[in-house]
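Enquirer: Line by line, the protein sequences give chains A and B.
For the first sequence, our numbering assigns the number 1 to the initial residue and increments by one for each residue that follows.
For the second sequence, our numbering assigns the number 1 to the initial residue and increments by one for each residue that follows.
Worth flagging that the hints you see were computed from the coordinates, not collected in a lab.
Small disclaimer: the values here were computed from a predicted structure and weren't measured.
Derived, one-sided and incomplete: chain A residues facing chain B with beta-carbon distance under 10 Å:
#	residue
1	R48
2	L53
3	A79
4	D82
5	L84
6	S88
7	G97
8	R99
9	R101
10	E146
Don't be surprised by glycine CBs; every beta carbon is placed ideally from N, CA and C.
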Amino acid sequence: MTSPGIALQGAVHLNETILLPNLRLALAAGRWTVLLGPSGVGKTTLARLVAGLPTGAQLEGTMRADDGAPLDGRVAVMAQDDQLLPWSSALANVCIGSRLRGTRPDWTRARALLDAVGLLPLAERKPGRLSTGQRQRVALARTLYEDRPVVVLDEPFSALDPVTRYAMQDLAANLLTGRTVILITHDPQEAMRLAYAAFLIGGPDGASAVETPSSPAPRPADSPEIFAAQAVLLRRLTGATAPDTGIAA
Amino acid sequence: MSSGSAMLRAGRACLATATALLGWHLVVLLTGAPSFILPGPLDVAQALGKNAALLVTQTGFSAVNLLQGLALGVVLGVATALNLALSPAARLFLRPVLIFAQAVPVFALAPVITLWLGYGAPSKIVMVALVTYFPIASAFFDGLMRLPPGLSDLAQTSGAGPLRQLIHLQVPNALPALASGLRLSAIYAPLAVVIGEWVGSSRGLGHLMLMANGRGQTDLMFASLMVLALLSLSLWALVEAVARRYLTR
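With the hints as constraints, model all of the structure from the sequences given.
Expert: Have a look at this one:
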């Protein structure tokens, strides 16, 4: 699969007010772009615009994939709310997309994906009998089943405990390799472990770039590089001025 | 639930019934009310035994009309809710009509329905259908429209059309609401059939009650009332069993 890069340019309006002015975002093809920023600043709105979901906001400007084709039908979404059907088994949830499109579910592939997220033994369980972490893994398998070149992850790991979150970050980073991923998060560590590029949303420029480590993701959380990048990012998120640490910010 | 607690519950129910019967017996004894005003439990039991064949036949008529009416009400109510959920035009035009129709007390229509449909079964079936139709249509429709936003996002990103979204997401999501509507209907349905029979009928439990009352056979009147209560309870148990088996997640 070749995943397109996405260029977004313009202003996002919500009713009469301008939510994000002067936006200029380049989402690198086949890479993870992380969007950070305070709650309510418009990160989710931005991600929903990319996914073609209703937001109540309008983009005055352009959004295009660099391969020239429209984005419709090429974006999968995974949100903080796992969006699983409580009445269906984990396996049936993975291939719900097929049933919603009226095509025959590919059970073999669905099983393989459940296996990839380590949940094949629980394939017949309904979401009510799975833990929050397990439900997010089913949601990840469902997102992969859709096999879309662009994937929007809207705080998918924020409800998980730190250990489960760490494991999910590794799993998602490995399984979504090669896709153009937009990850929304509030967690500086998560951002610096996974980002190829990162943007701080909000402010007069709409979005400003954040320096990211250059080693391949998922990066170990305990490397000095991540610690430093995380500290710089946290300072920017909290609005504090950075002392000179000798690390480029 | 363990059998021990089930036995305990049955024991409590028996005790409560016995207490109520004893209280009733004492009231009759202490007030010295004549049996044509307030028959005691023993008189009613005697009437039940003496008129068993009559009661069974008349209850049979009422029960058949009741079930036919309920079936008609359920089918029409479910069809209306599905139609409203699928078609915005239907919502625009049909809903005000429905709300207005619901404001008319259906029991007050009994004489008109009897005038139009005669003294036979059809007027009773229509009464029950009318009374059960509204709770089912409105509860099921509310359930259909209350799809969690995450699931409608899922439908949209998966490329589901409105019909498939209805079948795979909205209907399963609305089944518990349908169960609530059914439970409400089960309470109204026996009332509707008896009122239908009061207004004009030559058979059924309601007819029997009127006859007994007119002839001063108050014990038979009370016996019919007991049977009616039993019929209502059985219907409630039936609906509860159906709801638990098929309409919960």
